[in-house]
Amino acid sequence: DTEVTQTPKHLVMGMTNKKSLKCEQHMGHRAMYWYKQKAKKPPELMFVYSYEKLSINESVPSRFSPECPNSSLLNLHLHALQPEDSALYLCASSQDLTGLKTQYFGPGTRLLVL
Amino acid sequence: QKEVEQNSGPLSVPEGAIASLNCTYSDRVSQSFFWYRQYSGKSPELIMSIYSNGDKEDGRFTAQLNKASQYVSLLIRDSQPSDSATYLCAVRSEDNFNKFYFGSGTKLNVKP
Numbered sequence: 001d002t003e004v005t006q007t008p009k010h011l012v013m014g015m016t017n018k019k020s021l022k023c024e025q026h027m028g029h030r031a032m033y034w035y036k037q038k039a040k041k042p043p044e045l046m047f048v049y050s051y052e053k054l055s056i057n058e059s060v061p062s063r064f065s066p067e068c069p070n071s072s073l074l075n076l077h078l079h080a081l082q083p084e085d086s087a088l089y090l091c092a093s094s095q096d097l098t099g100l101k102t103q104y105f106g107p108g109t110r111l112l113v114l
Numbered sequence: 001q002k003e004v005e006q007n008s009g010p011l012s013v014p015e016g017a018i019a020s021l022n023c024t025y026s027d028r029v030s031q032s033f034f035w036y037r038q039y040s041g042k043s044p045e046l047i048m049s050i051y052s053n054g055d056k057e058d059g060r061f062t063a064q065l066n067k068a069s070q071y072v073s074l075l076i077r078d079s080q081p082s083d084s085a086t087y088l089c090a091v092r093s094e095d096n097f098n099k100f101y102f103g104s105g106t107k108l109n110v111k112p
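Going down the list, the protein sequences come from chains A and B. Oh and the first sequence: position 59 is 59 in this note's numbering, straight run, nothing missing. Oh and the second sequence: position 35 is 35 in this note's numbering, straight run, nothing missing.
Bear in mind the hints are in silico, worked out from the structure with no lab data behind them. Computed from a predicted structure; not experimentally measured. Mixed in with the good hints there might be a few duds.
[Said to hold, decoys possible] Residues from chain B that face chain A, not an exhaustive set, calculated with beta carbons under 10 Å: (1) Gln6; (2) Gln38; (3) Val110.
C-beta atoms are modelled at their ideal positions from N, C-alpha and C, and glycine is treated no differently.
Next up, chain A with everything else stripped away, as it sits in the complex (with noise of 0.2 Å):
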């Protein structure tokens, strides 16, 4: 099973809303992701949390907030985003060995930022 989920599916929200998408996976992988990926474009790392901790931020606004509450999970907190923060969200996890790692994906949560 490499399955990764994600919701909500969709997500419409206005410029002072606060909303959050949320990432689980079963897998007993130990790194999660998020990325944003906007139309004809490759994935853009956002963060990265090895063991629960957050190993990478890759200068994202603070308007964007990570938060893995445990080993499954993996939330993303939005506050005062702009129209162009609209885009696709992906989160992925992958083993956290130095040996062979894969990545893989959810299914996404596309944002419509209004």
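Assemble the complex: chain A is given as a structure, and chain B must be docked to it using the hints.
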């Protein structure tokens, strides 16, 4: 800056033909390589991973890796219209195993 380069396409092939997708990478020490398929509006789906020089086959898909030339390719045999998608090449960083670098993707069209 570590780079992963792909021809953006579109690459058009007739149904039943072999589609050949190519990727080059800049980091000479890279060891882990991945091909993802992404349908429009959907998330990337892992197709193949390859770690050693040579060929790796899985059904109609063959990944080829040449570390000396810093080149990885994906061959799709007996292409089907359902293979029409964007194919993303990804390379795992050796500096930080949690970081993956993506190419911009090659759009494949398989014509019936």
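Review point. Quick check: which numbered hints come out false for this structure?
Key: 3
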